[in-house]
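There are 2 protein chains.
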Amino acid sequence: MGFDITILGTGSAIPTKDRFLSGQVVNHDEHLFLIDCGEGTQMQLRRYKKSLNRISHVFISHLHADHYLGLPGLLSSMDLLGRVTPLTIFAPKGLDEFIHFNFKISSATPRFPITFVHTQTQGKMLLLENEKLQVFSFPLKHRVPCTGFIFAEKQGKPKFDKRMLGRYFITPEEIIAIKEGADYTAPDGTFFPNSEVTIAPAKPCSYAYCSDTLYLPHLASELQHIDVLYHEATFAHDLSERAKATFHTTATEAAQLASEARVGQLVLGHFSSRYTDPEVLAEEARQIFKNTAKGYEGMVISLRP
Amino acid sequence: MGFDITILGTGSAIPTKDRFLSGQVVNHDEHLFLIDCGEGTQMQLRRYKKSLNRISHVFISHLHADHYLGLPGLLSSMDLLGRVTPLTIFAPKGLDEFIHFNFKISSATPRFPITFVHTQTQGKMLLLENEKLQVFSFPLKHRVPCTGFIFAEKQGKPKFDKRMLGRYFITPEEIIAIKEGADYTAPDGTFFPNSEVTIAPAKPCSYAYCSDTLYLPHLASELQHIDVLYHEATFAHDLSERAKATFHTTATEAAQLASEARVGQLVLGHFSSRYTDPEVLAEEARQIFKNTAKGYEGMVISLRP
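Line by line, the protein sequences give chains A and B. Numbering-wise (the numbering used here), the first sequence opens with residue 1 and increments by one. Numbering-wise (the numbering used here), the second sequence opens with residue 306 and increments by one.
Derived from the structure by calculation, the hints contain no laboratory data. Hints may be right or wrong, so weigh each one.
In silico PhoX-like pairs for lysine-lysine, Cα to Cα no more than 25 Å straight-line [said to hold, decoys possible]:
1) B:467 x B:446
2) A:49 x B:467
3) A:104 x B:398
4) B:409 x A:244
5) A:104 x B:446
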C-alpha cells in the first residue's frame, strides 16, 4: 500500500522563476488528494504525471490567493477532460461562492458534481475517513482562518497467518475470530495465543501539513510522532519579527516544533521569494532538528519506503 | 522606437506540459500592454523578464477560463511588489465583479487604482490612444462575446532635417511650420519644398490579435496590410467541422484570412492540446500563406526589425 506526497509548489505569495505556489498531492493506496491549489497547480500536476481526474478530494488551507487561485482552472480542465466522478472540496466558507461566480461568468459549469465542505477552526476535526485512512483538519493561526491537515493511517488489524492452514483445518468463522483478536486452540488441544496465528499489521504512517501559520508551540502535542511534517518556513530566523508580524514561521521555529513533536522528518516549504536557494533555511533548521529536508517542486516523499 | 510582441502562451483550454494558456505582451516604445491572461501568465512574465509593474493596460478578449484566470494572481503579485501606478483593464462586463469578489474573499484589495472598461462587440472601437499608438477592439465571433485587438502606430510627422541648420539660420517658429508641412524659403531666396527640409517618418506598423473566433472572411477588409496578424488555429483543417461547432478557426482558414488581408506575417497560436507539435498547423497554413510562423512560448515578434 503506497503512501507518498508529491510537492507541486514551494513558493509563497509571488511565484518565482523556479518556484510554483502551494500545492501537493497525497497518494494513499492509489487515492489522490490535493492539498492547496495555487495558480499553476494544474500545470504542475501534468508535469508530474498526476491524473487530474483521479483526484477525489481537495483540501484548501485558507483563502489567500497563493493557495486557491489554481482551483477554477483545475475544475475547468477536469470538466474538459470529461470528468464524471464527484469531487469534494474542503475549504473555508467563501471559496464556494467564488467558484460558482466563476462558472457563471465563464459560461461553463462543470458536468461533474462538486461538493463544498466548509472547514472550521475550533479544534481538530475529522474531515474524511475510509477503511485505511483518516484526514483531519486542525486550526493554524494566520491573518485569515486557516487550517492544517493530518493524513493518518488507521491501525490495521492483524492478518491471519495463512501458514496455519498447512497444519490445521481452520473454519472461516475461526479465521474471522482470529482477525478480531481471538486466540486459537487446535483440535489436538494445542493453544496458540493470537500473536502466534497472526501477522502484525504495518505500523500506521502519518503526514501533517502546516501552512501558513504563526509558530504555534502547542501544536507539538497534536503532532506527536507524525512521520513527516511539512511545515512552512517563509523566513530565516533573522527575520523572526517579520515572520511574527505577517503570521508566518521561521525555519528555526519549524525545527523547534518538529523537535518537540518528535516527528520523523521535517520538510520545509512556502519560501519567501527573497531566498534564491532555500537550502539556507533547511541548513538553519538542521541546527535544531537534524532530519530536515528542503521541499522542492517535484519532490516525492515516501512514507512507506 | 521598439515595437515587439512576446508570446507567453499558445495553448487552448487545457495547458499542456509545453504550452501555457493565452497571454502576450506588446511592448511599444517601452509601454507594456498585456493581451489575455490565462492561468500562469504571471509565471511566464517573470520567465521572460517582463516587469509586472510596467504593464499599464490589460486587454481581455473574452471570458473563457483560459483567457482570464491568471488575472487575479497577477493583480495580487503586482500589489505585493508595491505597485502604485494605475492599471486599466479592458474586458467584457462581468470580469470586474469576479475580480472584486476575489479581493473580498482573499481579504486583499490592491492598493493601486484599477479601472475596468467594458469592451463592446458592436464594431471596431478605439480603446486607447497616445501620441504614437492607437489600440482598437473589433468583434470576433465565439460562443461568448469576444473581441480582437489592433495595435496601430499613428502616421508620424516628418522630422525637421537638422542638417539645414548648417546652411541657414532658421527660427524655431519656422522649424515648427516645417514640421507641420510648410515649405521653406531661405533668406537668399532659395526655395525648398517641404520634402527637402524634412526626414520622412518611419512607416507605421500594426499588429492584430484574433483569438478565439469562428473563421470570419469579412475581417480581411478590417485587417488589410496589417504587418503581423496573430490568429488562433485551434485545429487543422481536417477538423473543420469541429472548428465550426466550437466557434474556432482552422490553420487553413487563418491562412486564407491572412492572404486576403495581405498581411505581412501570420503567427498561429491557441493550439488544441491534441497537437504535440503545432508545426503541422503552420505547415498546413503555409500552403496558402507562405509567411506563416508557429507561435511558441517565449517567441518575440519584432515589428521594427
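These are the hints, each one checked on the structure:
1. B:467 x B:446: 50 Å, violated
2. A:49 x B:467: 64 Å, violated
3. A:104 x B:398: 12 Å, holds
4. B:409 x A:244: 24 Å, holds
5. A:104 x B:446: 20 Å, holds
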